[in-house]
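Visitor: Given next are the chains, with one letter for each unit.
2 protein chains.
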Amino acid sequence: MGTASTNSTKPAMRDSLIAAAFQLFLERGYEQTTVDDIVTLAGVGRRSFFRYFPSKEDVVFPDHDQCLDDMTRFLAASADSDDPIARVCGAARIVMRMYAENPTFSVQRYRLTREVAGLRTYELSVVWRYEKTLGDYLRTRWADRRDGTLRANVVAAAVVAAHNHALRHWLRSGGEGDPLAAVDEALEFVRSTWSPAPASDAPAEETEDVVVVITKRSTPMWRVVREVESSLGEG
Amino acid sequence: MGTASTNSTKPAMRDSLIAAAFQLFLERGYEQTTVDDIVTLAGVGRRSFFRYFPSKEDVVFPDHDQCLDDMTRFLAASADSDDPIARVCGAARIVMRMYAENPTFSVQRYRLTREVAGLRTYELSVVWRYEKTLGDYLRTRWADRRDGTLRANVVAAAVVAAHNHALRHWLRSGGEGDPLAAVDEALEFVRSTWSPAPASDAPAEETEDVVVVITKRSTPMWRVVREVESSLGEG
Chain Z
1 MGTASTNSTK PAMRDSLIAA AFQLFLERGY EQTTVDDIVT LAGVGRRSFF
51 RYFPSKEDVV FPDHDQCLDD MTRFLAASAD SDDPIARVCG AARIVMRMYA
101 ENPTFSVQRY RLTREVAGLR TYELSVVWRY EKTLGDYLRT RWADRRDGTL
151 RANVVAAAVV AAHNHALRHW LRSGGEGDPL AAVDEALEFV RSTWSPAPAS
201 DAPAEETEDV VVVITKRSTP MWRVVREVES SLGEG
Chain D
1 MGTASTNSTK PAMRDSLIAA AFQLFLERGY EQTTVDDIVT LAGVGRRSFF
51 RYFPSKEDVV FPDHDQCLDD MTRFLAASAD SDDPIARVCG AARIVMRMYA
101 ENPTFSVQRY RLTREVAGLR TYELSVVWRY EKTLGDYLRT RWADRRDGTL
151 RANVVAAAVV AAHNHALRHW LRSGGEGDPL AAVDEALEFV RSTWSPAPAS
201 DAPAEETEDV VVVITKRSTP MWRVVREVES SLGEG
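First to last, the sequence lines map onto chains Z and D. Residue numbers for the first sequence follow the UniProt record's numbering, so the first one is 1 and each next one is one higher. Residue numbers for the second sequence follow the UniProt record's numbering, so the first one is 1 and each next one is one higher.
A portion of the hints provided could be inaccurate.
Since the list can't tell identical chains apart, any single copy or any two copies may satisfy a pair.
[To be verified] Straight line, CA to CA, 25 Å or less: simulated SDA-like cross-link-like pairs of lysine to any residue:
hint: 1; residue 1: Lys56; residue 2: Asp36
hint: 2; residue 1: Lys132; residue 2: Arg114
hint: 3; residue 1: Lys132; residue 2: Gly175
hint: 4; residue 1: Lys56; residue 2: Asp37
The hints are simulated quantities; they were obtained by calculation from the structure and are not laboratory data.
The shape of chain Z in the complex, shown without the other chains:
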């Protein structure tokens, strides 16, 4: 579930290109920086840049592909006994963990996307890919429900919205506080909306077997007693 492997397997040249790009974006602005400027500062050729990044926009969001892979693998490893909604909340947490790993970079990028319309649009397409990944998983889990597809689409959108609510709040604050605690609180709102069961692994309280009798007030007492007796008899 972790994304720590991202950093260790990522080639050093890719990291240099990201660092050079952000240095220039902050110094001169995103629009004023060309791919040539970036490769010159990083001391590599243009072809090296395009080996790692299809476009200048992609260098702004270098970790989402890896994060989507991590999320997809986390969802694929789900057991049938897992609560589907708790699972997609866990998947959303992977994304927040990626942002939380590098607060300075995350906040710099957030400010950049506020200034450049094209990057906001790019970000929307990234968000859509996460939402689709969560929705695909939920659609499979709820394939036998009559409203499974609708429910999957709505819950996936709700999870993404809750995640982004916590993320945006954290980024706007300049990366202050614990974003993982904040995202857990936001996701708990979604989870508790559709899954009444407790999220924790704590054992359920011992409950004694209970009989529920619902009867109209006008029902004669002898019929109520018979109903209760027959319910008890089923045990």
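The hints should help you fit chain D onto chain Z, whose structure is shown.
Guide: Below, chain D alone, put in the same frame as chain Z:
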């Protein structure tokens, strides 16, 4: 709440440009059609095109600005007594009505956006504007709730997802069936999730007074009878 005014106030030249653009998009493809091709076919100058549409992409989605205005006005006309969630569901219905007004055009455009990546991205930014409009309204309505902002963001996303679920289903089917009935069903899923009250103004069914008795299976029958009797006695 209607969008019928859109057609009557829209200048004829704007309509000709849309018609010419779609004729060419369908004949040669979107990428192969230039703004020059469109204005030549419509028999107007380039400046006329850009007076109505900032870019070639905008002619593909000519009604969203008007629809966003209609939605904003509909939300602004909301009374404090209106259920906020029912109101945003009503607002989402305005969008579906716009699509339903012209099924052929809606289906053509849908097929176009499936083929052209840039149009899908454009569509995501349109969807985001609707979601933001709904979220702004809900944030205001729930300003005094501790979780008001989170709730507003999640519900707005859920409403948009439910609307798009019904819309996509209808567009994929080639515009068959009643999209307004379908969107109502999808929106009812969202409304009933957070607002337990019935959406319709129909009077609630006459219900007889009901007694619910919950008892442990091990409780002796005489105690159950006493419980039922004392519940009835409260009436």
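Visitor: Now, for every hint given, state plainly whether the structure supports it.
Guide: Outcome of the hint check:
1. Within a single copy, Lys56 and Asp36 get their C-alpha atoms as close as 10 Å, which meets the 25 Å cut-off; across copies the closest is 29 Å, which misses it.
2. In this homomeric assembly, Lys132 and Arg114 come within 25 Å of each other (Cα to Cα) both inside a single copy, at 24 Å, and across copies, at 15 Å.
3. Taking the shortest alpha-carbon separations for Lys132 and Gly175, only the inter-copy value of 23 Å comes in at or below 25 Å, while the best intra-copy value is 27 Å.
4. For the homomeric pair Lys56 and Asp37, the shortest alpha-carbon distance inside one copy (11 Å) is at most 25 Å, but the shortest distance between copies (31 Å) is not.
In terms of the numbered hints stated before, the structure departs from none.
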